[in-house]
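Q: Heads up: the sequence lines are chains L and V, in that order. Each step along the first sequence adds one to the number in numbering that gives the first Met the number 0, with nothing skipped, and position 191 is 190. Each step along the second sequence adds one to the number in numbering that gives the first Met the number 0, with nothing skipped, and position 226 is 225.
Errors might be hidden in some of the hints.
[What the hints assert, rightly or not] Straight-line Cα separation of at most 20 Å, SDA-like style, residue types lysine to any residue; simulated pairs:
| # | chain 1 | residue 1 | chain 2 | residue 2 |
| --- | --- | --- | --- | --- |
| 1 | L | K10 | V | Q23 |
| 2 | L | K77 | L | P47 |
| 3 | L | K90 | V | N272 |
| 4 | L | K10 | V | A14 |
| 5 | L | K85 | V | D75 |
The hints are simulated quantities; they were obtained by calculation from the structure and are not laboratory data.
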Amino acid sequence: MKENQRRIFLKAITSIPILGGAVMAASALIRYFKPTTVGGVKGLVAPPDEAGSSVQIVAALSELTQPWDFKEFIYIRKSVEYSSRKIQGAKIPGFVVRLPDEFTDPKDPKSRFVVVQRICPHLGCTFNFVKSPEELSGGYNYKPPMPTHPYFACPCHLSVYDPTRKTEVNLQGPLPGKVVSGPAPRPPRTMSFDIKDGQILITGTEGGGVG
Amino acid sequence: MVKAIPYLIRGLAGAPGTFLKWFQERWTKMELFDEGRTQQARTNPWYTLGGMWYWVWMLVILSGVVLMVYYVPVTDQAYHSIERIQHNWRWGPLPIGSLVRGLHKYGADAFIILATLRVYRMWFTGEYKQGNEFTFIIALLLLIIGMYSGLTGYLLIWNQRALWATKVMATFPTYLDQNPGWLPGGDFINWTNQGKTTAQILLGGTSIGPATVTRFYAFHFMLSFIPMIFFELRVYRRGFKRMNISHWAKLAVFGVILAIAIMIPAAQGSPANPEVTPNPILSDWYFLAMYHFLKLQDPYLATVLTVAIPFLVLGSMFLDRRPEREWGKRQIFNWIGIGGLIYFIVFSFLILNGIADLHRDAPLWYFSMGGFLLAGYLQDWAYVMRRDQKRWWETFHIFFVAFILVSMSANTLYHYFGDIREWNVLGQAEMPKVLARLQQANPLATPDMAFEWLEKNRPALNLWFTSKKGPGKPPGMELWLVHVVAWLGIIASGIVIGLGRWGRRKEAEEQAALAKAKPRAAGA
Ligand code: HEM
Ligand code: FES
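Just chain V, same shape as in the assembly (with noise of 0.2 Å):
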């Protein structure tokens, strides 16, 4: 630790030098379109995913402004402006208008199943090693695009389908304003108003209505065409090829997505009624999995973890140091990916049959999500193991493990014994006992009153709130502080070993430098 003191100071004072220079070194490195791997695109169609998710992207772009012409976006009116085009608007027996939406609909699907696939291929084949992590990070925001411009898209056609889930995704925010007093600097970013803020500027007011369809309207166009203006200015200074894909390839793109616009028309549902909610609320596909996620959750914690995974997935991607690109060498990156997509298949199913039991489902999902990471852990741990020539605690991380461990049974116990609902429910079967021991020794007692003693009573394992310590109350264990000082000791204690071990590191490849330097000094 103290050894690396001086490392560190002197690292900081050069931070913005190597900083700007790894910088520049990514820039130069980066891919948009898969434009590097031609080659490999010949023998291998892993490698063409980028050209035709370009290809697909360009589809869209003109059948969206081919639909620009004739689309209003008016609230009063889009859902008929859409019902024309799909219906009106033919060319003798051509129904143009239909396949024309057939094709930016299924087109924005099939970019939005691209571009993860896309980002799977990087992931599993480690590409965002040796300096191409911006490649990935370009490679996972154009996700995130597709699915903003699904998202403003989708409620361009003012159905009830659209609307829910847009008053979903506005509400969203507004729990950015909701962090919990102890956090440091909550209170700070409510005061802020952040939250409701992006809120207003996503509907353009406080509520959704005509200036929300002119705003999203705006999003939608800009969402690619930002984009786009900057991929071909940079196509346009480096002179690349931007697909990698043959003229067949495209052909056969269009023709798949042709022959869907026609087999299976872009359907439309019903129009906007914001006074009926329908059930299930449903959103586009890819959503889906997410909504399912926000049933379990307190809503705070969803919106923020929400937010937060794909920075997760950043950070993980920063972590991963090792030079290892092969499948069986960084398994738990490969059970990370497998499990997202199992959890996005199976949460989909769930949402779209109704099933769900709040009580019951929470801690479930926790745990098997944990051992996924764990079981990835332990087949990256013997790989260490046969890798290195080392015994099993030599390679042993063990906080890694804690904090799968820590979090994992915080959530479960959280669940089963903190969740002030799972208490509500078992304080009101207990209820007539608490009132007829209160009846005994006041005969004026209410049901209140009993409801009211069982919350003082409530054991305090809870992550958000913990009552006041009461008269009579069982002693509790306060769920949350022990979650916090756990991860904060983990992760403190890891970065004081980590230092130390970097500084001892440090010092001796300066000692190897200066052993190697000496002959040379000598020599001359």
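Chain L extracted, bound-state conformation (with noise of 0.2 Å):
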């Protein structure tokens, strides 16, 4: 080995330690930016933050006897917000759509009614509840099968879900609102929600994407 390239290879090697103090430096940096990361490895892949839940009535199911009444509402969530603060109330607006009979269970009255945060799980729009068969094909790109029914349709990039289908879902089980058109890669985000006294009451929401 020449004189000069064993220099330069002395330098390379100091330049280790070096090396190992940016990285040490980056991980207190993401733990500046991210303070709900855990220390060591650990914190490197801890799963990411999910807002809380909370109970809230969104509607009375007086408003939704005719197969195919829908009602937006808005949910708010408790958002987890990496200030002093540490938590926002984030506004969810969801869909809850009554389902014609032929598309239920008659035993489980909760089968009645499709309930969805209205974030298009491709990129986020907030989609539509979309009635007209014209305006799916005209303005959504997608031309239903006839006869038809009503669709939840995405205005960003045209993704149109059936609310009487459903897809699995990795670990979730089977959702609805199939995929029957455009980019999106699964049904929307849920929310669970209980009957009681008339009203439908939101207990949680699905975690993942951005509110």
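Assembling the complex is the task here: the two chains are given apart, and the hints tell you how they should meet.
A: Here you go:
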């Protein structure tokens, strides 16, 4: 090995502790930007923060008596915030839709309703409940089969979801709102709900995505 | 191949030193704002781009600092503080606020345009050759920094467009956690949740809110100031002139931006409303084409491709090993550059006018992109034949053509036959027939059962998912397998053949050096 090559090599060796220091600084930086991160190796793979939930009344059954009746509502979710406040109420728009009886299980009153977050699982736009097939084919690039029924449809990249059909989603079982057109990778995120005293209560929301 | 191994081992042992030397050489040659091109800038306006871009950057920073004094970075006040800056801040008849805002906004646009032109100039003239790679990397990085500054600055006005553009951008990284399981290490990456963590760091929490505005404000400032500190250190150590343009040119640039700010006061839109998505959602002009690209793609693929584009540009720069820099002698690179510009314009036009047929367009785009590459390749091939006085088969780069053809046809097949949603549309037309057939066997058959049958019997031609083999399923082609095997095969054979050639060349070089050294040794 030539003399100056050796010097360069030694220089390269001394850079190892410097690199180690840089990695430690980077880890501190991550914790600075994301204060909920725990220390050590575990912190690097910690699950992302999930928003908290609370019970809120969003609709009365008397508003949803006919097939395809629907209601838009806003659910306030306790979002984690990296600030001295630590928590923030984020507005999550939602839909509750009354399905016609042929798509429901007569023994299960909850199966008459589809309750979803209106946040498109593709890239987060608020999607619509579209009743007319002309609007679907004209505005959303989807020609529904006849006889038709309403669909959820997103204006951003034209994803269309069929509320009457379900798709298997990892770890969560079948969820309503099968994607029938457009780039969305999965059905809309759901909300867990209960029916009590003629009212629909939201008890929690599926995490992930950006509120 | 075998001949290459000893050279490879020796090369690897010396790699850290070699790399350090390589790095130092390029570091010395690196230019920030075309400071080494003062002579050329006198006669060729393309070489003033660096100086003009730096000047515009200064204007943006100055106007930004002025705006900072009156801007309120809080969600429920941001929009109104901008309104007040725009309309109430005047000196007599002079709408100062509106002018400063216009200067900042149009200055930012000019920043992006100039930085883009500069990257294009370097690309088309092969300026990154002969050890100038870092100059190109810095130029590209600055363009990206400018785009991120635009994105973070855009949210600050807290209007509808800004909110939704930010939402799309923040949802993006979450797809980095959805690598398909067959990708080596894919599950591991998913397990680390890097994508969601990135999104949450950007947003300062799990949703867009006050913390997001605070963070974007900080990032917006940092993105300009941190590079600026490094640049000033370099200028201080080397003592070169920052801008190779005359004072008149500076005044002219300032005048043009100011004139635009007077004629078209910076727009403000309507206040952000998380409950209503505007249709169509748009963003700053430089992201529009990417938005259209998103429409046509599986979101995972789109995310990976978007993240990969700068790396692809850098990668092809390092692949461009030939010394030629003239226009007609590197046609592939010209076609890639021109193609990029054309797609940018066409896609922006399409999204502005809401034109897209998701079921028809994607393969067409793939084919046209492949067409650009092929056209460039064929021209380049013709040039190499002429240069080296060789016949066509002696210069035919089978790997490149195979690469393009495989990916073009695979993508087309995927979109026409494998798209799960496309199949759903077809399947729904088929449904009544299937239902009738099922009902012959079982009078109680429901539409759901018919759908299930269709799903099970869909040809398994899909890039990501292939359902398990079921009874009655027609033999499908596992497309992703074909794709992966073909590409790995092409790359592997390229490496084997390339290494073999490299070994032979090294040997020849060594022997030539030996032959040259011998007479001298004999003489001594
Ligand atoms: C690369 C440099 C920069 C770019 C590309 C950029 C871009 C932008 C853009 C596009 C906006 C939105 C303007 C609008 O639509 O009205 C904006 C707003 C803003 N920027 Fe920058 N900016 C840059 C540097 C800076 C710097 C260095 C500062 C502070 C020192 C700054 C402070 C601000 C402020 C306070 C606003 C909000 C006021 C407003 O929107 O009119 N910017 N920026
Ligand atoms: S955000 Fe709804 S389709 Fe893209």
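Q: Could you run down the list of hints and mark each one as holding or not?
A: Cross-check of the supplied hints:
1. Distance hint between K10 of chain L and Q23 of chain V is fulfilled; the C-alpha atoms sit about 13 Å from each other, no more than 20 Å.
2. Restraint check for K77 of chain L and P47 of chain L: satisfied, since their Cα atoms lie roughly 15 Å apart, inside the 20 Å limit.
3. Between the alpha carbons of K90 of chain L and N272 of chain V the distance comes to roughly 10 Å, so the proposed pair stays at or under 20 Å and holds.
4. Restraint check: the Cα-Cα separation between K10 of chain L and A14 of chain V comes to about 13 Å, which is no more than 20 Å; the hinted pair holds.
5. Taken as a hint, the K85 of chain L and D75 of chain V pair is honoured in the structure, with Cα atoms around 18 Å apart against an allowance of 20 Å.
In terms of the numbered hints stated before, the structure departs from none.
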